[in-house]
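> Build the complex: two chains, separate frames, hints provided.
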Amino acid sequence: MIRRWRSQYWFSAAVCLLGSAALVASAYACLLIGVDFAAAGFSLLTGVVVISTFGSYLCAVVLSVVAAGCLSYFFSPPIFSFRVEEQDDLMALLAFLTTSIVTTVLAARIRRTSEEELRNTRAELARFARVAILGELTASIAHELNQPLAGLVSSGDACRRWLGNQPPNIERANQSLERIVRDADRASKVVERVRGLAKNTPPQKAAVSVKEAVREVIVLTRGELEQNQIRLEEQFADDLPLIWADRIQLQQVCLNLVVNAIESIKDLRGGPRNLLVRAEKDASDSVLLTVSDTGAGLDSDHTEDVFNAFYTTKPEGMGMGLTISRSIIEAHGGRLWASGNVPRGAKFQFTLPRCREGAI
Amino acid sequence: MSLEPPLVFVVDDDASAREGIEDILQSVGLPVISFGSAREFLHGPRRDAPGCIVLDVRLPGTSGLEFQKILIEAGIRLPVIFITGHGDIPMSVMAMKSGAIEFLTKPLREQSLLDAVNAGIEADRLRREGSKHVSELRQRFELLTPREREVFALVVTGRPNKQIAAQLELSEMTVKVHRSQITKKMRATSIVELARMADRLGLSAEKS
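Here the protein sequences line up with chains A and B, keeping their order. Oh and the first sequence: position 92 is 92 in the working numbering, straight run, nothing missing. Add 360 to a position in the second sequence, counting from 1, and you land on the number used in the working numbering.
This is chain B alone, in the form it adopts within the complex (with noise of 0.2 Å):
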């Protein structure tokens, strides 16, 4: 399966530094958009694709670690890599604290630039199968009829059909079939997997 091309974004209200990087990130092949500013990013063109940001930690108007906020509040997860004209102590940790994969200094090293966006991508291609994948099961969660979802939340628990039949006043023949059906429906091949999907949709918690 080859990989979906990935998306590289940089905003950074300095020309020079902005369009350096835009370069560096080019000329490795990387297909880069670029802002002069928060707003612009967030009214800007996206595209659905895996990628990071490459942002500036100040910025006119918003600074970056505030711009960072409005990104995780507008469900844009896409990991962040900060860069600044003078990496300060304080500034570091707070964004390293709030979730940015790399914290560089200008003038950038270009072999740390190239690092830090590849485990960025990388880190946003994961994130996304990883939902990709929870999305899938909950297409597959949605065939199933109340019923067997009832019956499903009791079978991930470990108890025996019989247990199961009795608290939901059933014969212990309708729960096997509704067994067979979920497992169906769901595409599992052993209960271990049927429990680890309930894990995946968060159903565990809703166990009685």
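Next up, chain A with everything else stripped away, as it sits in the complex (with noise of 0.2 Å):
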């Protein structure tokens, strides 16, 4: 909570207000009790380096400014005025606002950089698991553009027979031309989609339209679909609205339940092989987006246990997809869960906050 209130004004105003207070009524306390200048100045210290670890670089520097006037408003003669008469005791309050600001700046970054490491190993870590399942889906995503250039390539030796008929077929070789266009299209529409899920990018939120996102991503597993035999069906509510997401994390999410649910199902003999996508407004306005398969299903004990980090069952399979997949989720304010599907398999459900009027 602390973390995402950090970058909010009023929340570094709020901690050097409230520190600046405690600063003062601890020096004041300090001299109630008649501790001398170096045992105040020291316990002023600690304080501004606890305090200062809540707020950014400047509460540090104004809080250490504060701590510096207490010490000389307190404790430095003339007691009760700012004024400092002794040279040296000017030169210990240059000392301990030094010391005072260097260690809380170094302190406020780093933790700073500690912080963006963290998060950028986190990208990371979603990046690298994007480009696995897109390593999974190689197979897939092959036959998807072989498909389009199959087309193509049909389309243009037709076009060249047309022309080349006695007298030319302008008409059929247009069509022919149309067919190639929109062939061409298709196929730079999916290079398009993977380089968007390999890329290196930093999480970016927009306004996204789920069906769209969704749709995008699981016309990639079509050719493992095919290959698998598995029916997919797709339900997407007409009244979804549009929700605040990184679109490629979002597609990563889905791509990976959906995978996921053909892993279990590739295996099986006998029984239906179906898989669900499914998208609909829940109650409480968020969308919900479910993901059930008749595969092998999870032990009804452990469901909890899949979204652990390095729990898998795949031979091959990291163990990491579902565990980023809920840290994903989470981080666009949203929840996770599995359960068992009716009458067979494993059903993912995931929901996220609708995009508010005053987001875009």
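Please keep in mind that the hints were generated in silico from the structure rather than gathered at the bench. Some hints could be false.
Not the full set, but computed from the structure, chain B residues with beta-carbon under 8 Å of chain A [said to hold, decoys possible]:
(1) 364
(2) 374
(3) 380
(4) 445
(5) 450
(6) 468
(7) 472
Glycine included, each C-beta is placed from N, C-alpha and C at the ideal position.
If you want it as structure tokens, here you go:
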């Protein structure tokens, strides 16, 4: 929670104000107890370092100055005045101020760097998982790319023949050309999607249509579905609100769930081979996405285990897919959970809050 | 005699691939009907004409290989040309074993597609002519009386009239009359031709 507030201006202001008040109060308390200059300086320094861990660089500087002020006001003679008469006291105050600023700024910088690194590592990990899924889908993607290319080559050949006829059939040749353009466009869209998923871009939230985003990536699994004789059903409600999300990460989660479902159906012998992807609006106006399959299913007592890192049932799996998916959904303010599908198989569901009007 | 116009069926679930094939076949003047799924084909219009099926191995619902079996069961004897995005060896072996005449990989080479389709149409034409001949023979065979059929069955085994007469307890003269009737009705010119017809009709197995 604090991490989210930290970037807000009001939070820094509050830390400065409350921190300053605390410093003044403790300096006054020290005076009442009868602590000397050095001990008071040490306790104020400790206070500044502790309080400024909540705030920004600016907080650190402001609090250091306030603490130095307190020290000068309460402890350097004449007391209850900011005037400093002794050269030694002035030096001591300056030393205090420098130490305080340097320490707090360094602490803030270390914290910021480690947070940035954590964020980068997470993004890297997510991207790594995305590329891993793409790797699993290579054959399927190749298939999806090969279809329009096959159409393109055939239409090209046909076009040449229409033009070579005596007399040339311009109308049919034009139709062939139109198909060539359409198929080339389709192929380039596939490439674009794959590139989007493989690209190394920081997460960027925007208003996203769940239907569009999900459909775009499900297409990439079509070859895999056909090869494994899996029947895919897609149900998208008409009244789906836009959601505020990083499109690529949303697609990653969907792809992950669909690929898992395919894996669980793949080696089944007998029984239905169905996969359902459904998106609807739930009671709290969020979008609820369900991916359910008639595959091997989950161990009913340990449905939560699948979200643990390194939990996997695949021989070549890393066991990170669902862990990453859950952290992505949670970072979007949603929830991802698993349950059993009736009469058989597994069901994964996640919610994503709708895009608020003002957010666009 | 002018040839019956052929008809080619294309079954592929992918619109781009399907329309491309359709276009190429039409550009050489072949009539084409195409379908997006196995089911559409089974319920779709069919014309009694020599032709072949260009079939995608991967179809949603029923795979191309299963579909080929369904066709055989349904008595649709059209030659099948398989096309696939990934020409994997086990699949093509299975396809060829179950009687496919060609296995092509996408994107298709124009000439190999046309060659395969023409070969398919030709094979179907020959098969149809063969079966037309048999049904004609069968019609002629239907004209024979039960007694004549008995004599026919014995004549084609190469037995002399005398033996046939003895076996059927007829006079040799009667056998001769039957024999000339049989030859006339079956429109055969020699005993050898009669024997061949019996073969086609599957009578040789019935000889006692």
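> All hints are to be evaluated individually against the structure, with a verdict given for each.
Verification of the supplied hints:
no.	hint	result
1	364	23 Å, violated
2	374	4 Å, holds
3	380	3 Å, holds
4	445	5 Å, holds
5	450	13 Å, violated
6	468	6 Å, holds
7	472	11 Å, violated
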